[in-house]
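Engineer: The hints should help you fit chain B onto chain A, whose structure is shown.
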Amino acid sequence: MAAIAPPKLTDAWRSINRDILAALGRPGPGYVALVALVVFWVVLGAAAFTYQTYWGLGVAGYAPPVMWAVYITNFVFWVGIAHSGTLISAILYLFRAKWRTSVNRSAEMMTVFAVMTAGLFPLIHLGRVWKFYYLMPYYPNRLTVWPNFKSPLVWDVFAVGTYLTISATFLFVGLIPDFGSARDRCTDWRKPIYTVLSLGWQGTSRQWRNYNRAYLFMAALATPLVLSVHSVVSWDFAMSIVPGWHTTIFAPYFVAGAIFSGLGLVITMLVPLRKVFKLEHLITLDHFEDMAKLVLVTSTIVFYAYLVEYFTAWYSGEAIERASTWWRLFGHYWWATWIMLICNGIIPMLLWFKRIRRNITALFIISIFVNIGMWFERFVIIVTSLAHEYEPAMWRNYSPTWVEYLITLGSFGWWSMYFLLFMKLLPVISIAEYKELVAREAEEAQA
Amino acid sequence: MSAKRSEGVLGIFDDPHRSVEAVRALKKDGYAGQIEIFAAVPPHGMLEEFDVYKSPVKYFTLTGGLLGCITGFVLAIGLSWTWNLIVGGKSPGVPLPYVVIGFELTILFGGLASLIGLFLNARLGPPALHPAYDPRFSEDRIGVFVSCAREKMALVEGSLRKLGAEEVRVEYA
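Chains as they are written, first to last, in numbering that gives the first Met the number 0: chain A, 0 to 446; chain B, 0 to 172.
In isolation and in its complexed conformation, chain A is listed as follows (with noise of 0.2 Å):
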């Protein structure tokens, strides 16, 4: 009997190019359905951030003590959703886990969108969107505004900011030999926008060399911008006396909870992804279970903070603060505390069983329960917290109104729009680092 040869090498390069590069074809009726409607929810979210603008911000549900709602658990929550992808595109290649190759690309175009729209947040939440520059202090500062540099919230300035330049960029620079492959095989018009954006790129010796070095000190940088930023985001309450935020675990389990609820949403969007673009032979059962594996640390991390903040509240003897604790859990808001103690502590230990790390539909469900679980953590953190502070005549609950309901639809709308575009323009998994791991193990099978 003859001996089968093993598949060349090069023809798995080419079937990766093709496979990956024919989910930039033409889209269909489903693709252009769905498009349709998140347009409608950003037109929705548009309308009413326009009827808001004219009218002012009375037409939220603010009121006082509670001047932080929807709008910041808004921000805070995409600032979160956004660190799935800095995680897996740089701490996971500096880890060198190999997973990430079919994950990263993805999770990164959801950074990049998250963090645009966290950015509408805070500019919303101004009310006078249009004194939004005042945000960013400059020198000599001609504004004769007082720029607080002691303030958290110009710390969120810088550290928001930075980070959406650098996970644009680090995403750009993922993408140039990709878009390099793309300008070779496109022949619609799309073409010389992928020449422009490919940067003359050949990989040549000296490109690569350089590619490699840039590429890697890009995620050394992004690393620690990953921790710093969320640990900043946790600062704007931390660093306040609020009974329920000024709390030294925040900044931890902040990053954790953001770490959490990013992979969760980059479970729920890859889910569909794969089966639509008849990509499940790149996105194997063994990659969802290792995100899955990621969302069960981050799960018990979030959860043991749930605790000790508990914990201390009750240890301290510091009565505001255990009133305040108790009032999260069997006050007016106890809904969404135990929303979100079921929805990130409990659901997630099902993870535990491999047999539901690797069902793609238990994984879709579970990941669902993650996104709403993280949305209602912020919204609890801020909402429970400033409605109940330190003194009983000023406690007052707060409901969100048609306006904020329509923004938040907006801002998914807003977010999924720009995820399902450039994924018809942008391969949505990485040609080169999947080629290259592809040759790393053909090496390692012949080693």
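If you're looking for bench data, these hints aren't it; they were derived computationally from the structure. Quick reminder that beta carbons are idealized off the backbone N, C-alpha and C, glycines included. Where hints are given, some of them may not hold.
[As the list claims (entries may be wrong)] From the structure, some residues in chain A lie toward chain B, with a derived Cβ separation under 8 Å: (1) PRO146; (2) GLY179; (3) SER180; (4) ARG205; (5) TYR210; (6) ARG212; (7) SER227; (8) THR283; (9) ALA431.
Structural biologist: Relative to the frame of chain A, chain B by itself:
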């Protein structure tokens, strides 16, 4: 690449290992410094054959990072001194709260400087491609191009064929 460097012989390989062997052999034959590759992924061991060239991107990253750090502190402390207000009992010049600004700008400037370093050193920007470039190089083939004088082309062509190139092309400027 200059017009002179675009004249030479191109070997197209369908086996990454053979392409690396070919580069090694051509270097031994005295063509080091005249060889260029085109590859969707650099085959294992290929970049080591070009070790004369070390990427200077690290200097860009370092310079950008240091510049960002200094800018962050100067911006924060400078503006705070302009508004000489004591907050929380602390002097406007106290450095600790400005570490965040310094850190963020270190990362921002370092990242952007790395990008500039990549563009300049990898000579990215103009979309024009080398005349010998073939679209298959971004898919499944590896190109090994040897720039040489016309009188040596036949010799290089023979070498490339012997070294396993599935296709050999002569490029004139």
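Engineer: Looking back at the numbered hints, which does the structure fail to meet, lowest number first?
Structural biologist: 8
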